[in-house]
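*Asks:* Sequence:
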Amino acid sequence: MTAWASFVSSLMPHLMLAPIMLPLLTGALMLLLREERQRLKLGVNMASTLLGLIIAIALMQWTHKAGAPASMGVYLPGNWPAPFGIVLVLDRLSALMLVLTSGIALCSIVFAASRWHRAGVHYHPLFQFQLMGLAGAFLTADLFNLFVFFEIMLAASYGLVLHGSGRTRIQSGLHYIAINLAASSLFLIGASMLYGITGTLNMADLARSIPQVAAADRGLLHAAAGILATAFLIKAAVWPLNFWLVPAYSAATAPVGALFALMTKVGVYTLLRLWTLMFSSEAGASALFGSLWLIGAGMVTMAFAAIGMLGSQRLANLAGYAAILSSGTLLAAAGFGQNVLTAGLLYYLPSSTLAVSALFLLADLIDRWRNDGASLAPYETDGDAPFLNAQLMPTTGINLDEDEVALIGRAIPAAAAFLGLAFLTCTLVIAGLPPLSGFVGKFAMLTALLNPLGLGSSAGNQPGLPGWTLVALLIATGLMALIALTRAGIRHFWASHDRPTPQLRVAEGLPIAVLLAACVLLTVRAESVMRYMQATANVLHDPSTYVRAVMSARPVPGPVAAGAPADTAAVLGISGGTP
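Per this note's numbering, the sequence shown runs over residues 1 to 579.
Quick caveat, the hints were computed from the structure, so don't treat them as lab data. Note that the Cβ used here is the ideal one computed from N, Cα and C, for glycine as well.
Here are the simulated distance ranges between beta carbons:
| # | residue 1 | residue 2 | range |
| --- | --- | --- | --- |
| 1 | V524 | Q171 | 39 to 45 Å |
| 2 | G219 | L25 | 43 to 49 Å |
| 3 | N451 | A303 | 20 to 26 Å |
| 4 | A476 | H14 | 44 to 50 Å |
| 5 | E36 | G420 | 37 to 43 Å |
| 6 | H175 | R218 | 35 to 41 Å |
| 7 | V471 | L310 | 19 to 25 Å |
| 8 | G226 | Q38 | 44 to 50 Å |
| 9 | R554 | H175 | 43 to 49 Å |
| 10 | S528 | G219 | 43 to 49 Å |
| 11 | G166 | A214 | 52 to 58 Å |
| 12 | Q171 | I483 | 26 to 32 Å |
| 13 | R34 | Q171 | 27 to 33 Å |
| 14 | L479 | A155 | 36 to 42 Å |
I would like the entire structure built from these sequences, with the hints used as guidance.
*Replies:* The structure is reproduced here in structure tokens:
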């Protein structure tokens, strides 16, 4: 048993490549298959995504070892030391994002299996390349490779947003492409300016170099960081750079919209990662640069998204504005630079993302039910049994007259009950109402704002004007989201009469149930999840741990040093913590 445990432990670091290589190989394989082999492609896509989720969970458990509060894995694919070679870094934050991505992706592809994957060509390869880009963005440790993975992710998203064709999708998709091309140009400009000033693009090396930048170059450094941050803020859907999001996301097919709920979180993740590394309290004259901009932009985005939700009539638009509200909340909280507040926002991040993804899927089913009570495409069984489409009232053989039926009430079809309960759960999580995880995340952030005791807290432990403003916005935007979603629920569920029973397949209901069950699980396991998030936040706000882990990694000795043992643990193992 000890030998097996040792073998598994030595194998685990190499799994850091799997979230990138697995979708790459799967997508390449499916490109070799004929487009008519849709069933085979669907099966391969599902199997690969499920395996990716299992690997992501294993990597998360690996980084969260007992007795290793700051553990992280560092992998040198080219066997060149930092900052000269490619470096992949896995810590608690990147592992969390990998699990979130794989979980939502699996639910998305299962939902698409009912019909949407047949709406266009190359859906499955594009889906896998999208996962590859997302995983690479979460694992990479230098700006150049971050740009490469961003472009892979965006190139795949261009095809996915146009999947299904139609004038609305093409028009919104072209706007989406144009905006992201502009963001990519800003990314290149900002990264090249940073390289010209610091001479490096490695994130750990940047964190080490920024305090040593000459005073004469400090203004240029801040300008470069601002240009780079603008590219990420576009992806994070900050106001006024988010006008593209709602039309593009609402026009996309439902499973694509659910997957795209992750895209804004990529921008938030990158900003949080780079800002805590480059402009931490240890950055000298640049310490906490841009914090007020993040707070202000996040707050305005929250207000804009809440007003947008109140003005929305379509459920898909509501889901798009809910994604913007989530992103604005995360950015505003991140700008305070407090580790306790960061732990709260990290708890809120997966909860809100899961709920928004579920709302995109629900919007498709509810709109379809509202239109004609059946699928927009001809209903095909494909061997799948309809999901929850039976009446709940049992057949007893007793004839009830009209008065008795009115007194007892009519039975709610199980499918309609499922849609209503799922919509109610989404409402509770997005609005931040008890007892679900949205409330827990917002309560954690409110507690940290009103009692700033962690790293980066203001003098005198007072929230200050920004803190009080964010407290008011967290409460007000939650109320506005509740009003908007309640109004939509009344319109779609209570105010509808004589509507046919909705017909849902297992492949349509199961992903929504799993996404919302994950929100319930976050609530039930809130204490252990919050401990994980607090440990993640502590490491984020202590950049020396990340810098030491990356810069101390050494290549495996080549054949010349055959007699010497290879210190594999230094290159591939856990660094930066106490094992």
